[in-house]
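Colleague: Each chain, written out:
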Amino acid sequence: MPENKFSDPDDRNLLPHTISLFLILAAFWLLNSGYYTLLILSLGLISIVLVLYVAHRMDVVDHESQPLHLTLKLPGYLTWLTKEIILSNISVVKHIWLGNETISPVLTTIKASQKTDIGKVIYANSITLTPGTVAVDLVGDQITVHAISRENIEVLQAGEMDRRVSRLED
Amino acid sequence: MLIAATLAILVVMMMAIIRGFIGPTLYDRILAVNMFGTKTVLLISLLGFVMGRPEFLDIAIVYALINFISIIGVLHFSDSAAFGNDPHDTGSTKKES
Amino acid sequence: MDIVVNMSSGLCLLLGSFLCLSGGIGIIRFPDFYTRMHAVGVTDTLGAGMILIGLMLQNPDSLVIIKLLMILVMTIFISPVASHALAKAAFRNDLVPLSDRNEHKGGTESSNP
Numbered sequence: 001m002p003e004n005k006f007s008d009p010d011d012r013n014l015l016p017h018t019i020s021l022f023l024i025l026a027a028f029w030l031l032n033s034g035y036y037t038l039l040i041l042s043l044g045l046i047s048i049v050l051v052l053y054v055a056h057r058m059d060v061v062d063h064e065s066q067p068l069h070l071t072l073k074l075p076g077y078l079t080w081l082t083k084e085i086i087l088s089n090i091s092v093v094k095h096i097w098l099g100n101e102t103i104s105p106v107l108t109t110i111k112a113s114q115k116t117d118i119g120k121v122i123y124a125n126s127i128t129l130t131p132g133t134v135a136v137d138l139v140g141d142q143i144t145v146h147a148i149s150r151e152n153i154e155v156l157q158a159g160e161m162d163r164r165v166s167r168l169e170d
Numbered sequence: 001m002l003i004a005a006t007l008a009i010l011v012v013m014m015m016a017i018i019r020g021f022i023g024p025t026l027y028d029r030i031l032a033v034n035m036f037g038t039k040t041v042l043l044i045s046l047l048g049f050v051m052g053r054p055e056f057l058d059i060a061i062v063y064a065l066i067n068f069i070s071i072i073g074v075l076h077f078s079d080s081a082a083f084g085n086d087p088h089d090t091g092s093t094k095k096e097s
Numbered sequence: 001m002d003i004v005v006n007m008s009s010g011l012c013l014l015l016g017s018f019l020c021l022s023g024g025i026g027i028i029r030f031p032d033f034y035t036r037m038h039a040v041g042v043t044d045t046l047g048a049g050m051i052l053i054g055l056m057l058q059n060p061d062s063l064v065i066i067k068l069l070m071i072l073v074m075t076i077f078i079s080p081v082a083s084h085a086l087a088k089a090a091f092r093n094d095l096v097p098l099s100d101r102n103e104h105k106g107g108t109e110s111s112n113p
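Residue numbers (this note's numbering), protein chains in the order written: chain A, 1 to 170; chain X, 1 to 97; chain L, 1 to 113.
Worth flagging that the hints you see were computed from the coordinates, not collected in a lab.
Please note that a few of the clues may not be correct.
Unchecked claim - The calculated lysine-lysine pairs, modelled on DSS-like cross-linking and capped at a C-alpha distance of 27 Å, are: (1) K94(A) <-> K73(A); (2) K73(A) <-> K83(A); (3) K73(A) <-> K111(A); (4) K88(L) <-> K111(A); (5) K115(A) <-> K88(L); (6) K120(A) <-> K88(L); (7) K120(A) <-> K73(A); (8) K115(A) <-> K73(A); (9) K120(A) <-> K83(A).
Pulled out of the complex, with its shape left as it was, chain A reads as follows (with noise of 0.2 Å):
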């Protein structure tokens, strides 16, 4: 898509995505397989390539499935993320126990301040990923998020996930 706005310049240059995906797929085959005898190596090979030219062909790869400009950044963000979990599922189960007078739903629109696609969907998945809170839709900057409890969608829109994410974008 080169009429594709978000698009950084340099990102044409396809070749790193491509050989990542090839790392990929190459070692989900090796250790799926088990087996390595010439045959089936190369049986594993063909396929790899086939799937590389069936990506190349619909056009998706690109920074968008292959994100390597957040490699270095994102295991501290998902270390953050798994604590967020945690203390998220503490809270639900907690509401699950003490019965339904303790949750007090909310559906509300909360803004996300990031400036590319592949921001906005982090965020959003991962707004989705801690139990309690759900996106339910993302419509320019907007998202639209359901939580169980008041306190929940107050740690959203104290903002530390939004700018948490913000930070790995640039």
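Model the placement of chains X and L on the given structure of chain A, informed by the hints.
Modeller: Showing chains X and L alone in chain A's frame:
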């Protein structure tokens, strides 16, 4: 401990089936089926360890992918007008008799 | 060393079972569709994660650990996509979420079938 976890997963799958039967909306049923599928993945992995055959994990991987595709496939029909108008659909806040 | 690994594996399995059971009770008990979705989120993220980590500690074989890791990664990538698609489909087809204001008009009673 493995047996206990397997039994717990079976009980959870039973609960998902109950929710799938009583509904009340179509989406509750799809949600229940989705949960049933993800719990099946866990059950297959646990059973592999109970029986001492970790090869079951390959089946679990395949099952996870199939479950995902089936849910997305069902939801692709959700744009059609007839999808939300099930005559047995009583709405989310009404009580099912 | 061995007994420590076994103990922590059992603890993880127990914790995961407890979280999955809580999610199962949540899906029965919560009053409407959107809140039930949060209960499913619990079983999909930390419940599945704890059980899979417990299984990883059971077996020293590295290939098995990698396969369990693969299942964990797939679950964690797939679960938000499926629940977002479900929530969006329900929202677009005018399934009204139960909100704070009409909660006492009839929502909470429907929790015990």
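Colleague: Hint by hint, say whether it matches the structure.
Modeller: Here is how each hint holds up against the structure:
Distance check on the hinted pair: K94(A) and K73(A) sit about 33 Å apart at the alpha-carbon level, beyond 27 Å; violated. With a CA separation close to 16 Å, the supplied pair K73(A) and K83(A) stays within the 27 Å bound. With a C-alpha separation of about 23 Å, the suggested pair K73(A) and K111(A) falls inside the 27 Å cut-off, and the hint holds. Taking the CA atoms of K88(L) and K111(A), the gap is near 18 Å; set against the 27 Å cutoff, the hint holds.
Distance restraint check for K115(A) and K88(L): the Cα-Cα separation of roughly 23 Å lies within the 27 Å cut-off, and the hinted pair is therefore satisfied. Distance restraint check for K120(A) and K88(L): the Cα-Cα separation of roughly 16 Å lies within the 27 Å cut-off, and the hinted pair is therefore satisfied. Between K120(A) and K73(A), the direct Cα distance comes to roughly 16 Å. Compliance with the 27 Å bound is thereby established for this hinted pair. Proposed proximity of K115(A) and K73(A) is supported: the alpha carbons are some 17 Å apart, at most 27 Å.
For a cut-off of 27 Å, the pair hint linking K120(A) to K83(A) stands: about 21 Å separates their Cα positions.
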